[in-house]
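Since the structure of chain A is already known, use the hints to place chain B on it.
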Amino acid sequence: MVFTILGCTGNQKENSRENDVASEVLTVGQVMDSPGNYAENRITVEGMVTHVCRHGGKRLHLSASGSDLKLRVRTGEDVPPFERSLEGSTIHVSGKLSEERFDQAYLEKLKQGESRKGSHEEHENASSSSGGVSQAYINELEQRIQASEKGYISQFWLTAEKVIQK
Amino acid sequence: MNWRKLNRVLHRDLGYFFFGMTIIYALSGIALNHLDDWNPSYVISREHITLDNLPEKKSKIDQTYALGVAEEFDEEESFKNYYFPEPNLLKIFIEDGSIEVNLESGEGSIEKSVKRPVFYQVNYLHYDPGNWWTWFSDIYAVGLIIIAITGLFVLRGKKGIKGRGAWLTTLGILVPIIFLIVYNNL
Numbered sequence: 001m002v003f004t005i006l007g008c009t010g011n012q013k014e015n016s017r018e019n020d021v022a023s024e025v026l027t028v029g030q031v032m033d034s035p036g037n038y039a040e041n042r043i044t045v046e047g048m049v050t051h052v053c054r055h056g057g058k059r060l061h062l063s064a065s066g067s068d069l070k071l072r073v074r075t076g077e078d079v080p081p082f083e084r085s086l087e088g089s090t091i092h093v094s095g096k097l098s099e100e101r102f103d104q105a106y107l108e109k110l111k112q113g114e115s116r117k118g119s120h121e122e123h124e125n126a127s128s129s130s131g132g133v134s135q136a137y138i139n140e141l142e143q144r145i146q147a148s149e150k151g152y153i154s155q156f157w158l159t160a161e162k163v164i165q166k
Numbered sequence: 001m002n003w004r005k006l007n008r009v010l011h012r013d014l015g016y017f018f019f020g021m022t023i024i025y026a027l028s029g030i031a032l033n034h035l036d037d038w039n040p041s042y043v044i045s046r047e048h049i050t051l052d053n054l055p056e057k058k059s060k061i062d063q064t065y066a067l068g069v070a071e072e073f074d075e076e077e078s079f080k081n082y083y084f085p086e087p088n089l090l091k092i093f094i095e096d097g098s099i100e101v102n103l104e105s106g107e108g109s110i111e112k113s114v115k116r117p118v119f120y121q122v123n124y125l126h127y128d129p130g131n132w133w134t135w136f137s138d139i140y141a142v143g144l145i146i147i148a149i150t151g152l153f154v155l156r157g158k159k160g161i162k163g164r165g166a167w168l169t170t171l172g173i174l175v176p177i178i179f180l181i182v183y184n185n186l
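Protein chains in written order, with this note's numbering: chain A, 1 to 166; chain B, 1 to 186.
Among the hints, a few may not be true.
[As the list claims (entries may be wrong)] The calculated label-pair distances, taken between Cβ atoms and stated as ranges, are:
| hint | chain 1 | residue 1 | chain 2 | residue 2 | range |
| --- | --- | --- | --- | --- | --- |
| 1 | A | Glu-24 | B | Asn-53 | 40 to 48 Å |
| 2 | B | Thr-64 | A | Asn-37 | 33 to 41 Å |
| 3 | B | Ser-105 | A | Ser-89 | 22 to 30 Å |
| 4 | A | Ser-89 | B | Trp-3 | 53 to 61 Å |
| 5 | B | Phe-17 | A | Ala-39 | 44 to 52 Å |
| 6 | B | Asp-74 | A | Glu-83 | 19 to 27 Å |
| 7 | A | Ser-89 | B | Ala-148 | 39 to 47 Å |
| 8 | A | Gln-146 | B | Asp-36 | 29 to 37 Å |
| 9 | B | Gly-106 | A | Leu-69 | 24 to 32 Å |
| 10 | B | Leu-6 | A | Gly-113 | 40 to 48 Å |
| 11 | A | Glu-142 | B | Val-154 | 31 to 39 Å |
[As the list claims (entries may be wrong)] Which bits of chain B does chain A cover? Going by a derived footprint, with three or more residues having C-beta under 8 Å, they are:
| hint | region |
| --- | --- |
| 12 | 35 to 49 |
| 13 | 74 to 85 |
| 14 | 93 to 104 |
| 15 | 129 to 139 |
Hints are computed from structural coordinates only; laboratory data are not their basis.
Note that the Cβ used here is the ideal one computed from N, Cα and C, for glycine as well.
With the rest of the complex left out, here is chain A (with noise of 0.2 Å):
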């Protein structure tokens, strides 16, 4: 059975918005191998749901089954938050992938409390009463930014516009 979770009809720019979505549907391997070069595009990627964020459902990972590669997948807009029921599913989601940097600059700000923008990882790493990031996260991040060769380090979103369970 397939049916839509969330599906964009009766509406001239949501229409031409699906329109701009390849037809092609891409696996989380051949997304993540070069996600470079689909980024800022509007794309569909068949995935497992192996996470849904336990906060309040804005996020997922979608990974291949057999894989450690994840795809990161957060809630557009009019898209409600996903259900934990997800988890373990084959869905759909089309929608368009950004890149987030994070660089030394995005370290100090976050070192000194002054960012909640960021990471799953880092949400999930939150303390849920202060808002704030442990310091594991933090040394970890600023190694993994030390050690990169850009001197930042890239995380790619795929923003929901519509997710199709299969």
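Quick look at chain B alone, frame taken from chain A:
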């Protein structure tokens, strides 16, 4: 209609209309204040398990093997899929939960979660599920401001805003200011 009557009508009717919203945000506010202590949206149960028939090689783990593991714990009907979150960790998704097994020790757990009645729904709404809800909750916020302001002028006399009301209102404003001073954020 004089302004006092209009004030009373506004306070009363907005109070009635937004009763449900106030309960939703109050309940979810308490729930989300204590995320470190509990999961307000789900009741989660975890059972320790030990798997004896571990495969010799990880490459031998396939759909059939994963289904067999689910069957061993009477979960074959609810089997959904499997993957390896870490090299030595097998995770099998079942309806409303998962089975995790360490492939070296065979130790693991079955985790199941069910939606916590009422709290799941109020938290869902609190996390802003969509644009229409955002608009309605903005209207509610404006309504709350009106309810608060009109509430100051419902009573006249020594229990009104010129008497007891003034003291309590001032005290209520001072409390958050004291917190801001204590937290060094004023």
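Compare the structure with the hints numbered earlier in the document and write down the numbers of the violated ones, lowest to highest.
Hint 11 contradicted; others consistent.
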